[in-house]
Amino acid sequence: MNWLTEYVRPKIRTLLGRREVPDNLWQQCDACEQMIFHRDLERNLRVCTHCGHHMRPSAAERLEWTLDAGFSRIELPKVPADPLRFRDSKRYTDRLREAREKTQHEDAILVAHGAIEGQKAVVGAMAFDFMGGSMGAAVGEGIIAAAQLAVLQEAPLILYTASGGARMQEGAISLMQMPRSIIASQMVKEARLPFITVLTDPTTGGVTASFAMLGDVQIAEPGAMIGFAGARVIEQTVRETLPEGFQRAEYLLAHGILDMVVSRLEMKATLARLLGLLRGPVQADIIKL
Amino acid sequence: MRQFLDFEKPIAELESKLDELRNMSEPEGLNIAEEVGRLSDKVERQLRAIYARLTPWQKAQVARHPERPKAGDYVAGLITDFTPLAGDRAFADDAAVIGGLGRFRGRPVMVLGTEKGADTESRVAHNFGMARPEGYRKARRLLELAGRFQLPVLSFVDTAGAFPGIEAEARGQAEAIARAIEACLDAPVPLIATIIGEGGSGGAIALAAGDRVLMLEHAIYSVISPEGCASILWREAAQAAQAAEALKLTAEDLRRLRLIDQVIAEPLGGANRAPAEAIATVGEAIAAQLEPLLALDGATLKARRREKFLAMGRE
Chain A
1 MNWLTEYVRP
11 KIRTLLGRRE
21 VPDNLWQQCD
31 ACEQMIFHRD
41 LERNLRVCTH
51 CGHHMRPSAA
61 ERLEWTLDAG
71 FSRIELPKVP
81 ADPLRFRDSK
91 RYTDRLREAR
101 EKTQHEDAIL
111 VAHGAIEGQK
121 AVVGAMAFDF
131 MGGSMGAAVG
141 EGIIAAAQLA
151 VLQEAPLILY
161 TASGGARMQE
171 GAISLMQMPR
181 SIIASQMVKE
191 ARLPFITVLT
201 DPTTGGVTAS
211 FAMLGDVQIA
221 EPGAMIGFAG
231 ARVIEQTVRE
241 TLPEGFQRAE
251 YLLAHGILDM
261 VVSRLEMKAT
271 LARLLGLLRG
281 PVQADIIKL
Chain B
1 MRQFLDFEKP
11 IAELESKLDE
21 LRNMSEPEGL
31 NIAEEVGRLS
41 DKVERQLRAI
51 YARLTPWQKA
61 QVARHPERPK
71 AGDYVAGLIT
81 DFTPLAGDRA
91 FADDAAVIGG
101 LGRFRGRPVM
111 VLGTEKGADT
121 ESRVAHNFGM
131 ARPEGYRKAR
141 RLLELAGRFQ
151 LPVLSFVDTA
161 GAFPGIEAEA
171 RGQAEAIARA
181 IEACLDAPVP
191 LIATIIGEGG
201 SGGAIALAAG
211 DRVLMLEHAI
221 YSVISPEGCA
231 SILWREAAQA
241 AQAAEALKLT
251 AEDLRRLRLI
261 DQVIAEPLGG
271 ANRAPAEAIA
281 TVGEAIAAQL
291 EPLLALDGAT
301 LKARRREKFL
311 AMGRE
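Protein chains in written order, with this note's numbering: chain A, 1 to 289; chain B, 1 to 315.
Do not rely on the hints blindly, as some may be mistaken.
Estimated spans, in silico, between C-beta atoms of each pair [unchecked claim]:
no.	chain 1	residue 1	chain 2	residue 2	range
1	A	Asp259	B	Ala52	54 to 62 angstroms
2	A	Gln104	B	Thr55	56 to 64 angstroms
3	A	Glu244	B	Phe149	45 to 53 angstroms
4	B	Gly298	A	Ala269	39 to 47 angstroms
5	A	Trp26	B	Glu315	24 to 32 angstroms
6	B	Arg64	A	Arg85	19 to 27 angstroms
7	B	Trp234	A	Trp26	34 to 42 angstroms
8	B	Ala125	A	Arg100	48 to 56 angstroms
9	A	Glu244	B	Ala52	30 to 38 angstroms
10	B	Glu144	A	Arg192	17 to 25 angstroms
11	B	Glu34	A	Glu235	55 to 63 angstroms
Simulated coverage check for chain A against chain B, where a stretch passes if three residues somewhere in it have a Cβ under 8 angstroms from a Cβ of chain B [said to hold, decoys possible]:
no.	region
12	104-117
13	209-218
14	230-240
No lab work stands behind these hints, which were simulated from the structure alone.
We put the beta carbon where it would ideally sit given N, CA and C, even for glycine.
All chains, please: the whole structure from these sequences, using the hints.
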């Protein structure tokens, strides 16, 4: 320790602090570890400008990046709070409250309606930062509400997934969200409306094994981890090392489970093109929001 | 030789005494018959006492009891003319899922089940009841076949869950489960699912999204195994008993949460103590549940099934 570290550095920090410069002007990429200026990162939709790594955005950013300006978020149905009175090291109600404070969302999904390059659409986005994007009754209701809105508006439904799977704290109620979310996907399909799923990092467990795998078109972001069972569970069960790139978007594409892997920067244009093609020949030139 | 669970130790001791007595020859001054009767009564009292207040974790052990009747036993006991059908028409036949045509009380039906196997050899052959994508795809194929021929579907669920393996993932485990659930929801025929042992998460509901879901008294049905839940939330699998409690996975819990339709009582000491009786009781319950559904057409069945699942968890 010397005069420089003990006196000058804190002094500089205080000076900088006084000028209210946020300390997160630069962000490090989790993949290549290079520093990226925050404005460049935001402009690039949280895709690393050096290596193309797709960082995890918030659900609100997903909606913003997908829908044209002027979209509206819908309020989602309330669900009974903590039906199991679940408690591990913490109460479930406390975990919920903390997640709500942290994210400012009610639960792990946001739903909005608006337009994608002028074509009407309903979009749902799961929030991984809300209890790992886990699917309980609230997420199930959100997906059902999104499907009902799509049917009502005769609009396609696009769902972005990001989830660790079922919400254990809701026990078998969370398991029942698998058939419930599948029913939601069926409503959209029966109305002859496109149902598109966009699988983002990570999508696992009960979310993958329900509506996520029933898209008319299934898209994933590059490098996204997508699977049913967790990698650790598989390793422990089969006692083998997992192959390179296992459960990554590109691996799933190669195994016929996805239609395409699309960069986030191309996502909106891709969705718009798909919606145009799936709209059918009759109304193709009519609808303009 | 009967297998006893940890908490059945007092019963194990009494029963070994009983066996000794029964094998005794002409002891002096002892009335064997009387002593045997007295001990038998004691065993029954003990069993009643223990089984009247099983903890959720103890129920999980009963549900996994190696001598508990398996899906194949229910098929053998309840279905005549059983004609197994095999294969997913794409990759393989998965013996973890059994299925086929048969008659239930004279009426042609489609049968589906997850089979754990009864001894080491058959357990390995059935992959301990943990299905791969082929199994769920076979189930889906048979559900569709049942729809075309207006055959009610009876499923018997007993699985720790879908198999977590490299190949299973590569062949689309998640998609196979999702499609099987969808096929259950779409079936234009009555579908009665019975959770006979372990209802392990997605691998179970793939065969259980039915009009009626019945559960044996000591069966469990959960989104995750108590051990799995404990290792994630408590950071150690040893807390499984606590996790079992918290998950509300017993038949009575699920009935209270209105996620299942009926709890089927088991013989004293669990289905493993009197398999034939347990199987017969399940047959009665299925017959009673099936009867009113037979009058409904496919569209009505499907609409009501959908409403039932949509209503779950709502106030």
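These are the hints, each one checked on the structure:
no. : hint                                      : result
1   : A/Asp259 <-> B/Ala52: 54 to 62 angstroms  : 55 angstroms, holds
2   : A/Gln104 <-> B/Thr55: 56 to 64 angstroms  : 40 angstroms, violated
3   : A/Glu244 <-> B/Phe149: 45 to 53 angstroms : 46 angstroms, holds
4   : B/Gly298 <-> A/Ala269: 39 to 47 angstroms : 42 angstroms, holds
5   : A/Trp26 <-> B/Glu315: 24 to 32 angstroms  : 48 angstroms, violated
6   : B/Arg64 <-> A/Arg85: 19 to 27 angstroms   : 26 angstroms, holds
7   : B/Trp234 <-> A/Trp26: 34 to 42 angstroms  : 38 angstroms, holds
8   : B/Ala125 <-> A/Arg100: 48 to 56 angstroms : 49 angstroms, holds
9   : A/Glu244 <-> B/Ala52: 30 to 38 angstroms  : 55 angstroms, violated
10  : B/Glu144 <-> A/Arg192: 17 to 25 angstroms : 21 angstroms, holds
11  : B/Glu34 <-> A/Glu235: 55 to 63 angstroms  : 59 angstroms, holds
12  : 104-117                                   : violated (count 0)
13  : 209-218                                   : holds (count 6)
14  : 230-240                                   : holds (count 6)
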